[in-house]
Amino acid sequence: MISLLIRDLRIATRAGGGAGLGLAFFLMVVILVPLGVGPETQLLARIAPGILWVGALLACLLTLDRIFALDFEDGTLDALVCAPVPLSGVVLVKSIAHWLVTGLPLTLISPLLGVLLNLPAEGYLWLMASLLPGTLSLSVIGAFGAALTVGVRRGGLLLSLLVLPLYVPTLVFGAECASSLMNFKDPLAPFIFLIVITLGALAFLPMAGAAALRANLR
Amino acid sequence: MSNPNDTSNDLPRGGLRVENLTCTRGGVPVLRGVSFKLSPGVAVLLRGPNGVGKTTLLRTIAGLQPPLRGSIEMNGAIAWAGHADAIKGTLSVSENLRFWASVHGVGRRGISATLDHAIESFYLGDLTTRPAQSLSAGQKRRLGLARLCVTGAEIWALDEPTVSLDADSVTLFADAVRAHCAAGGSALIATHIDPGIEAATLDLQPYSTRGDLNDAPSGGDEDDDETPLGDDVFLSEGSL
Amino acid sequence: MSLWEYANPTKFMRLSGAVLPWVSALAAISIVSALYWGFFLTPEDFKQGSTVKIIFIHVPAAMIAINAWFMMLVTSLVWVIRRHHVSALAARASAPIGFVMTLIALITGAVWGQPMWGTWWAWDPRLTSFLILGLFYLGYMALWEAVENDDTAADLTSVLCLVGTVFAILSRYAVNFWNQGLHQGASVIRVDGVTGADTAEKVSNVYFYPLALSMLGFFLLFVALVLLRTRTEIRLRRMQALLARERVN
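Protein chains in written order, with the working numbering: chain A, 1002 to 1219; chain B, 315 to 554; chain C, 3 to 251.
One chain only, chain A, in its complex shape (with noise of 0.2 Å):
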């Protein structure tokens, strides 16, 4: 399982493995948005949390279709498949690779970006805090979508359509934790919701995507 995580990171950090690509696009989107909606600091600052949890969400899904896709072209998935090691814990351990490589450093370079956006200075604890944990969500949860359309050809948008809904509820409690401080409510409750929902990812949703993955194989 270690050796596969390590592999994992391995690759993606090699030419060409796009550990990089997230991190940039949501650079760019955080970028675009003021352009998109004007300079005025009071309204940056106030969309601040959203912008940079969409973002984050986006950077996310650019990157999901690479998870599985490339081991299920040249082979790897059907050899780990038959290899003594559980399916469910390889899908958990190339979610915690993906996110290691996109949700991690995109959680560690949000505060950089927060300053961009005049995010208040109670805000950025809480930004943190709710991105570390909502983004390992994001990374199980796009797992498993990209599972069920690995064997699609051109499975991408298909991704995108199903990962989607299935952000609703990471993407409300995370970014509401991230704001709330600054709408004077009390963060806990939000941040409370978001642990059990990427508890309740973690614990549940590699099954699921190793009974798609099976079936994708077949």
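It is worth saying that the hints were derived from the structure and are not from the lab.
Quick reminder that beta carbons are idealized off the backbone N, C-alpha and C, glycines included.
Some hints here could point you the wrong way.
As the list claims (entries may be wrong) - Under the rule of at most 20 Å between Cα atoms (straight-line distance), these lysine to any residue pairs were calculated in the SDA-like manner:
id : chain 1 : residue 1 : chain 2 : residue 2
1  : C       : Lys55     : C       : Val208
2  : B       : Lys454    : A       : Lys1186
3  : C       : Lys55     : C       : Met217
4  : C       : Lys13     : C       : Thr234
5  : B       : Lys454    : A       : Leu1071
6  : A       : Lys1186   : C       : Leu244
7  : C       : Lys13     : C       : Val225
8  : B       : Lys454    : A       : Glu1074
9  : C       : Lys13     : C       : Trp180
10 : A       : Lys1186   : C       : Val208
11 : B       : Lys454    : A       : Phe1073
12 : A       : Lys1186   : C       : Tyr175
13 : A       : Lys1186   : C       : Asn181
14 : B       : Lys454    : B       : Arg423
15 : C       : Lys13     : C       : Asn151
16 : A       : Lys1186   : A       : Leu1126
17 : B       : Lys351    : B       : Gly384
18 : C       : Lys55     : C       : Thr121
19 : A       : Lys1186   : A       : Phe1073
20 : B       : Lys454    : A       : Asp1075
21 : B       : Lys351    : B       : Lys454
22 : B       : Lys351    : B       : Asn364
To be verified - Derived coverage of chain B by chain A (criterion: at least 3 residues anywhere in the stretch with Cβ under 8 Å from a Cβ of chain A; other residues may be distant):
id : region
23 : 380 to 394
24 : 411 to 418
Start from chain A and add chains B and C according to the hints.
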């Protein structure tokens, strides 16, 4: 479904028994009633014209798809090598092999010996540090086959392993299969050429459904499973 | 004689063929009479005027929109556990119906909301959850269409349906948390409520009886449509199986 680790039966380690197996490809039954036995130390060549279901049979035995009917029993682990090599282009030859060895539970102690053995068997010694994407098609295939050696599996299920191999490499492959069998393993190989292995041959007959379209699925069949075969459930005559 | 016998396509076709005309006729009669009763024989609301009468379409459509998902959930479970083809096809059949009902509920809601709240659309929890429900239906149908092997598609959509159900419920709560809205609470179920605490909001009997009839009619319509669509799907599968057979021979 088969239980690959079921040791309660009388099969020796490395043995495989297939009974009355029926498989489908895309909802259409392609093989019906296949039965054979594979003993340790034996290689069996699967032969038959294109489309007869060699790949389907191998995939079913490897557990990649469920059989429609029949049973597959085996004692030991199975390793599958299909048309794709399961090799990552950006990783080096030895990184690829090391990964598969650890996935198959080869411990840190034995890993370098296992790798050396596999690399030697398929003559990859000069290529170990090269990224796999810079290999030629034949070299990639050799790497894909070397992967089998590091899995430590007793049963090999190989689909067209000699594609894009030159004559020397085919000899290497034959030697590897021989060594595998000598060590008590067994192999099931779908191929069109003669790889020069002393092996039994299993000829698959084309599956014909002519005439039994209107038969009730349970009519006269020796197994009493009532479940119709795949899409056959939609073929029974009725008020459609 | 067990219920599972109807999981056999032939038996299902025979039974559904016999039942379908009756269900369709009953559905037509009850919907037409309920709408006539509701539109022409009930008084106008003192606050909402004649706009209130859209309730006779809006509420039953919303009810079916949710029930269709429930139907998909149950039939998906049956497919996963017992692998009856008819069940998978029934799940496939109910998705478009649910989606269309969701659309009807959203559109009639917008038409109703415009004069009442002064806006066609508000990001109200109920409206938003219905929109999200519509997205779930879209994804489910798209997955059915995209996967070539029908059994694989049945497996994948079943898994999606099970996971989607959990996430749909989660979304409902999330959206509630996110915004407390304009929409009145569900006012139909409380009609016979013993507690008269909020009598002002409950639907009066004048409206309730035609509404109940309309709900019955929509339910029968749903059953008829599911049967019809499942029959079509079965015939389609039979045709494909025959063609595949022909290619083999």
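Here is what the structure says about each hint:
no.	hint	verdict
1	C:Lys55 with C:Val208	11 Å, holds
2	B:Lys454 with A:Lys1186	59 Å, violated
3	C:Lys55 with C:Met217	14 Å, holds
4	C:Lys13 with C:Thr234	15 Å, holds
5	B:Lys454 with A:Leu1071	17 Å, holds
6	A:Lys1186 with C:Leu244	63 Å, violated
7	C:Lys13 with C:Val225	18 Å, holds
8	B:Lys454 with A:Glu1074	15 Å, holds
9	C:Lys13 with C:Trp180	49 Å, violated
10	A:Lys1186 with C:Val208	44 Å, violated
11	B:Lys454 with A:Phe1073	17 Å, holds
12	A:Lys1186 with C:Tyr175	18 Å, holds
13	A:Lys1186 with C:Asn181	13 Å, holds
14	B:Lys454 with B:Arg423	27 Å, violated
15	C:Lys13 with C:Asn151	24 Å, violated
16	A:Lys1186 with A:Leu1126	15 Å, holds
17	B:Lys351 with B:Gly384	14 Å, holds
18	C:Lys55 with C:Thr121	18 Å, holds
19	A:Lys1186 with A:Phe1073	46 Å, violated
20	B:Lys454 with A:Asp1075	12 Å, holds
21	B:Lys351 with B:Lys454	32 Å, violated
22	B:Lys351 with B:Asn364	23 Å, violated
23	380 to 394	holds (count 5)
24	411 to 418	holds (count 6)
Hints 2, 6, 9, 10, 14, 15, 19, 21, 22 from the earlier list are contradicted by this structure; the remaining hints agree with it.
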